[in-house]
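Participant: Going down the list, the sequences are from chains P and V.
Reminder that position 263 of the first sequence reads as 263 in the numbering used here, one-by-one numbering, no gaps.
Reminder that position 78 of the second sequence reads as 78 in the numbering used here, one-by-one numbering, no gaps.
Please keep in mind that the hints were generated in silico from the structure rather than gathered at the bench.
Using N, Cα and C, we set each Cβ at its ideal position, and we do this for glycine too.
It cannot be assumed that every hint is accurate.
As the list claims (entries may be wrong) - Per label pair, the in silico range of CB-to-CB distance:
| hint | chain 1 | residue 1 | chain 2 | residue 2 | range |
| --- | --- | --- | --- | --- | --- |
| 1 | V | E142 | P | F256 | 21 to 31 Å |
| 2 | P | A164 | V | A83 | 31 to 41 Å |
| 3 | P | F276 | V | K114 | 51 to 61 Å |
| 4 | P | P147 | V | K114 | 53 to 63 Å |
| 5 | P | T175 | V | N30 | 52 to 62 Å |
| 6 | V | A181 | P | L117 | 53 to 63 Å |
To be verified - As a list, the in silico EDC-like pairs of lysine to aspartate or glutamate whose alpha-carbon atoms are at most 20 Å apart:
| hint | chain 1 | residue 1 | chain 2 | residue 2 |
| --- | --- | --- | --- | --- |
| 7 | V | K148 | P | E247 |
| 8 | V | K114 | P | E176 |
| 9 | P | K95 | V | E78 |
| 10 | V | K115 | P | D32 |
| 11 | P | K189 | V | D91 |
| 12 | V | K148 | P | D32 |
| 13 | V | K80 | P | E176 |
| 14 | V | K124 | P | E176 |
| 15 | P | K189 | V | D143 |
| 16 | V | K114 | P | E188 |
| 17 | P | K253 | V | D143 |
| 18 | V | K148 | P | E188 |
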Amino acid sequence: MVFFDTLLSGTNQGLLWAIMAIGVYISYRILDFADLTVEGSFATGGSTAAIVMTLCKDFVTKGSGQGILIAIVAMLIATIMGGLAGLVTGLLNTKLKIAPILAGILTMTGLYSVNMLIMGLGSGSAKSNLGLGSVGTLFTKIEDFMPIGRNWIIFIVGFLAVAAVIGMIYWFFGTELGSAMRATGNNEKMAKAQGINTQGSKILGLVLSNAFVALSGALITFQQSNSTNTMGVGSIVAGLAAIIIGEGIISGKFPFWARLLSIALGSVIYRIIISFIYLVGINAEYVKLLTAILVVVALSIPLIKDKLNKVSRKSKNGGNASTGDGDSAKEEKVATDEDVSKELGEATITQDDSSKPVEEV
Amino acid sequence: MLELQGIHKTFNIGTVNEKKALVDLNLKINDGDFITVIGGNGAGKSTMLNIIAGVFTPEEGKITIDNDGIIDITKMPEHKRAAMIGRVFQDPMVGTAANMSIEENLALANRRGKKRGLRWNITKEEKALFREKLKMLDLNLEDRMTTKVGLLSGGQRQALTLLMASLIKPKVLLLDEHTAALDPKTASKVLNLTEEITGKDKITTVMITHNMKDAISHGNRLIMMMNGHIIYDVSGEEKKNLTVKDLLLKFEQNSDGEFANDRMLLS
Chain P
1 MVFFDTLLSG TNQGLLWAIM AIGVYISYRI LDFADLTVEG SFATGGSTAA IVMTLCKDFV
61 TKGSGQGILI AIVAMLIATI MGGLAGLVTG LLNTKLKIAP ILAGILTMTG LYSVNMLIMG
121 LGSGSAKSNL GLGSVGTLFT KIEDFMPIGR NWIIFIVGFL AVAAVIGMIY WFFGTELGSA
181 MRATGNNEKM AKAQGINTQG SKILGLVLSN AFVALSGALI TFQQSNSTNT MGVGSIVAGL
241 AAIIIGEGII SGKFPFWARL LSIALGSVIY RIIISFIYLV GINAEYVKLL TAILVVVALS
301 IPLIKDKLNK VSRKSKNGGN ASTGDGDSAK EEKVATDEDV SKELGEATIT QDDSSKPVEE
361 V
Chain V
1 MLELQGIHKT FNIGTVNEKK ALVDLNLKIN DGDFITVIGG NGAGKSTMLN IIAGVFTPEE
61 GKITIDNDGI IDITKMPEHK RAAMIGRVFQ DPMVGTAANM SIEENLALAN RRGKKRGLRW
121 NITKEEKALF REKLKMLDLN LEDRMTTKVG LLSGGQRQAL TLLMASLIKP KVLLLDEHTA
181 ALDPKTASKV LNLTEEITGK DKITTVMITH NMKDAISHGN RLIMMMNGHI IYDVSGEEKK
241 NLTVKDLLLK FEQNSDGEFA NDRMLLS
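Extracted from the complex, chain P is given alone in its bound form:
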């Protein structure tokens, strides 16, 4: 039973954190923007959700229906707050020309204070944590209706939330705006030449990314009935871990929705691993170090694979060929202009001496 409980709670954690990982995917992979705002906006989401519940305590404790309603409002406000955090980073980067990483760090640092102020709202002083034990959360309120066990409720809500987020993101990146955002992250020069407002794309992308991160923070706060100022520490690495594990599951040609699904799966796998690490009795303080090591290993796998390929190719060719092109990841062949010329089947254009290109006038 312990095994199954651990599996379920790990899965739940993974589902709730998956929304954050998908947010990170938007900035890190689609926009190609290493955004550290996430560490702060995750806690902003948590703090906002916690304070809204606390401030509306009287209403929340009146009945389960009211409680659920307020919890949903709390998540919405948390999402908006996260979006605002992303907006700040976006403006720092595009308008003040501050480098992406630094812009993110600045917002994250500022949010540290903002989050404490949020949690201190109504109590007169800044707070570094806020418990919801006496107020209740989205999950405890749903449990009042459906007494099927907290973990199962979290599982259902988490699953639905992840499905909704994946659906939304899949739709958005299929639209004109989303397509323009992908182009911005892929090739900014090209995007500008095609009339895309790349600054706007970046800002919108960061708003979206951090909005999802904050939503995830709010859900985690509900899950643990507590929000702390430091709950976002290490979240960017956790998000990357989920993305990388996901990319390990499906590599190569897959539709975009499968890519998003793989991140959610990556997040679940990652959290299950962490849950079992706790179960084995490894000190919680070591988990972040383990995560960092895991991500480093995962990030270096392509390089190691490459090295191994070269070694095996060398040994196959008797050790004298050394033409490893290092592109083992590409499955389809990149065409060369030779192929094109062949395809064209055109007669070579003859050039006499006078027609030789004269370089460097």
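Given the coordinates of chain P, assemble chain V onto it according to the supplied hints.
Facilitator: Same frame as chain P, now just chain V:
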């Protein structure tokens, strides 16, 4: 019609690396012109194109364009100007989004200068249109519309960029040595395509090239640049009768003059 008036552009102002890229540059590009631009390294050819495209803003001078009435675009941001200007770059990697499919790239280009909203990024009608346009390239790309552009060769990518730049007819098409990175055979193929596309829609074009033969054989007007000026501007019959020798002579004459001027300054 696009006009550059008294354009000055200097890089690294106030440092030892200060470089005057454009000095009082004046150029009037008439509708339907196909101008070839030649000149040595550092003559200001690319800077001129980038000034027109809005990548750089000049310190002095004015850029106007006739878009239902003459408008001043000197301060207009690059992405807004893109509504009127098509561009193909020297590096085949720059003109397209490698991680996106051929049809997605074309769809992006088909919205140049239009508002982008929450409609689906590519319509059925567009797919049919793109297929037709791709057929014209004669590179069999019409059967690979969902292939990622990153898997295409440099020549294929340049041909696609050319198509994208002209999909919505631009007021001016800027070609910055767009065949320089290709092998001779592919380069001539892309150059022929350029002729075909610009000729069919009568697109006003400015093409930088290092190949004097190409500069003579293409277009109706040729300009030679040196040290940020236009030192030679020729069109019509006179241009048709030009030879590479003439151009070299012209170049030498002018650089001699430059040299003499330098000596005068030094003495």
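Participant: Which numbered hints turn out to be false for this structure?
Facilitator: Failing hints, ascending: 5, 10, 15.
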